[in-house]
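Just so you know, the sequences run in chain order A and C.
Going by the numbering used here, the first sequence opens with residue 746, and the numbers climb by one from there.
Going by the numbering used here, the second sequence opens with residue 47, and the numbers climb by one from there.
Worth flagging that the hints you see were computed from the coordinates, not collected in a lab.
Bear in mind that the values here come from a model prediction, so they are computed numbers and not experimental data.
Where is the CB? At the ideal position from N, CA and C, for every residue including glycine.
Please note that the accuracy of each hint is not assured.
To be verified - With the Cβ distance kept under 7 angstroms, some of the chain A side facing chain C (calculated, not the full set):
# : residue
1 : LEU795
2 : ARG797
3 : GLN798
4 : PHE1058
5 : SER1155
6 : VAL1207
Unchecked claim - Okay, the calculated bits of chain C under chain A, using three or more residues with CB under 8 angstroms as the criterion:
# : segment
7 : 158 to 168
8 : 232 to 245
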Amino acid sequence: MTTLTAPPSRVCNVTGFVIDRNGQRLALANVVAGVVLLAFGGSLAILIALQRQGLPISDDWWYRLVASHGATMLLFWLLLFEVGALYWGSTMLLNARMRLPRLAWANFAMMVVGILMAQWAMLTGRATVMFTAYPPLTAHWAYYLGVLLFAVGVLVACILFFTNVLTARRERTYEGSLPLVVYGLVAAAVIALYSLLTGAVAYGLLFLQSVGVIENVDPATYRLFFWGIGHGAQQVNLAAMVAVWYALVGFTLGGRPVNEGLSRFAFLLLIAFIHLGAVHHLLVDPGLGTSHRIMNTSYLLYLAVLASLIHAFSIPAAMEVAQRERGYTQRLFTWLKKAPWREPGFSSLVLSIVYFGFIAGVTGVLMGTMQLNMLIHNTLFVVGHFHATVVSGTTLAFMGISYYLLPLLSQRRLVGVRMARWQPYVFAGGLVILTAAMLVAGQLGVPRRVADLEYSGSPIGVTLFETGPTPAIMLIVSIGALMAVAGGIMYVAVMVLTLLKGEHTDRPDAGLGFAFGTPERERRAAAQEEAAVATAQATLTAEAPTEDRRPRRWAKFEAPGTYVLVLGFLAWFVVMYLVAHLNLARAWPVG
Amino acid sequence: MASDDPNDGAPTGKGPGPAHHGDDTELSTLLPPRRRWWTALGPDERRWLTIAFVWCLILFTGMYVWMGIGDQQTPIESYRIEPDDFAAEVEAFVDEHQIGEREGAAVVAPPPGSDVFLQANQFAFRPVLQLERDETYRLLVSSTDVQHGLSLQPVNLNFQVLPGYLYVIEITPDRTGEFPIICNEYCGLGHHVMTGLIVVDGEEA
């Protein structure tokens, strides 16, 4: 075993990993900055939701709030957290050192400056162009430059991540292949590289236009490049979220992948194919042919859908296998019933997966189906879809892993344990209400990013959304938003209190029921003993106890409960696909 | 190695760092896998992978199947056009077919089956179109300033409108009534006043 060359490092008493202090501080700084932005974006969400219910906010300001909310959440919060996760995965999980820490700090400062510039431009009304920033709408140059600085910062962080991994490999701080979680982070970083490059082209063109270097940016060309990052960044979120899911399975249940190779293959499929799915944003644009639309959004994208379906199976299966080994073998779902539901890492994991699969994934495929897109494009359905993906999916997963990362990185005991237990349920509950109502509203035609649904200022009035079910549905959207924000406040409170008030300790016992590392060994031994006693008792009472207590009809399955669950999911998927086509058939003939 | 450190609190002396994997319980998503991790798929995985792949193939063919059986297809025909030229075309079209005015906007009744111009600009769709039920029209849509979203309600058909590009959308209104058009692509601070109208005349079915 090699000795570490970087002097300041410690051994984590909880996980046994060698922790490089530079990596630890950098990961913590990026995660904390992300949480600050999450809190800011959440406060904007309150105002946006209340305006819908009559809070007097001028139209001008409402658009500023929507613009800032979008950029804050979609770009700044998620990517900052991911940069933190990249530093964590490439140093701590590999017992490796953080390379070029000074560059990493300078990079962090540059990203913060970029964020401040963009926020300044958006909130002062100089850049009310929304996250998409479609030309010929123009904004102040500071907005484009701010976003570019931030994007370059993420790019540099990805390069540092690869440098760390390669150094760890050369210095043999880990044996054999990368852990699955780090492998998933590699996938996220690769996707980030090409997303950020296309994004730099799109925003770079607009920046040059805003300072007068070039005259005209073709709107259709811009859209093609923009969606390389507009959706590409969400693919980074997806890959990072799946990596975090695997990490949470390891943390909360001590799980391992059921088939390591299959999970890795799925990450490869994501890298190779998911980027093409971004073309679904252009499905009702002029200028593209049928084969281009279908090739990109279906033929090739569905290989990425296949990857998601693989993860949808292998993560619950990993949970089931871990639980069954613990002795919960009796019925089809005993393993699920006896799961640590009071553990926020676990509840976040399950809620995130279920919500991502059933709502986010399915609505995403519907949107990406060429003809169905006509019923969806730019309606509130789209907003419902991406709140299901990046909020109840990615954000919730990131919240879940924070309950481990923050105590471990800051070496403080978690404060607000009761609040932490409830937090994922409140947050996910709010999002179920919010996104379901948004999806229904979108199907009724309610547009996105419109300050006044009563169209009171139009010469030709539109009363469509003043009558009928729309006002009630929009009220439900607002209620869901406020509940989700309440869940967000609980999360931020636990994080802030832990950082400020948490007891300093070198044994923070991350999460609430940690199943990875040293304490888990003791727990597993106790569970095995318990299971042995139970078997002994069963031997006394039953006549012929089988060795495997699993009923015979499941004997061929490694994870029978999961199998039933994924078949149920597929049935839901098929039903939604058919319902969407029935809706399409009711529209005017068009072509 | 982590567990060789005397400060390590692991009582077993075998920390979960990059350990030698004796048995399955030593494996984790967070640790390096066994040296040989490309093992054969289990029966569950094989079955699910097959089902999932077949479903993806069905999704893929679904779009082609709908092309054969559905009446609602994504419009493909499009051309480049200078915004000024387009505005001039719209002007000529309105002059030729205008039948009245509504809230200050021209109302146009083009002959059935003809080319129908629809201009999007900050912040209106013009002109107001009066169409006949069950007749097919070729809507020629473009923008003279920024990007807009053509959203026909409550039919809920939605298309992107780009300056410099002419999008040909063939529609066949199959019911009578007034159908508002709203803009659903953010187009500036007056985005929420941008509307238009299609009136469909004819006998009720």
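Verification of the supplied hints:
Proximity of A/LEU795 to chain C is violated relative to the hint, the smallest CB-CB distance being about 17 angstroms (cut-off 7 angstroms). Interface hint status for A/ARG797: violated, as the beta-carbon distance to the closest one in chain C is roughly 12 angstroms, over 7 angstroms. Because the smallest distance between the Cβ of A/GLN798 and any Cβ of chain C comes to about 16 angstroms, over 7 angstroms, the interface hint for this residue is violated. Using the Cβ-Cβ criterion of 7 angstroms, the hint placing A/PHE1058 at the interface with chain C is satisfied: the shortest such distance is roughly 5 angstroms.
For A/SER1155, the interface hint is violated, the least distance from its beta-carbon to any beta-carbon of chain C being 18 angstroms, above 7 angstroms. A hinted interface residue such as A/VAL1207 counts as satisfied when its beta carbon comes closer than 7 angstroms to some beta carbon of chain C; here the least separation is about 4 angstroms, so the hint holds. Evaluation of the coverage hint for the segment 158 to 168 of chain C: breached, as 0 residues show C-beta separations to chain A shorter than 8 angstroms, against a requirement of three. Restraint check on the segment 232 to 245 of chain C versus chain A: 12 residues with Cβ-Cβ distances below 8 angstroms, three needed, restraint holds.
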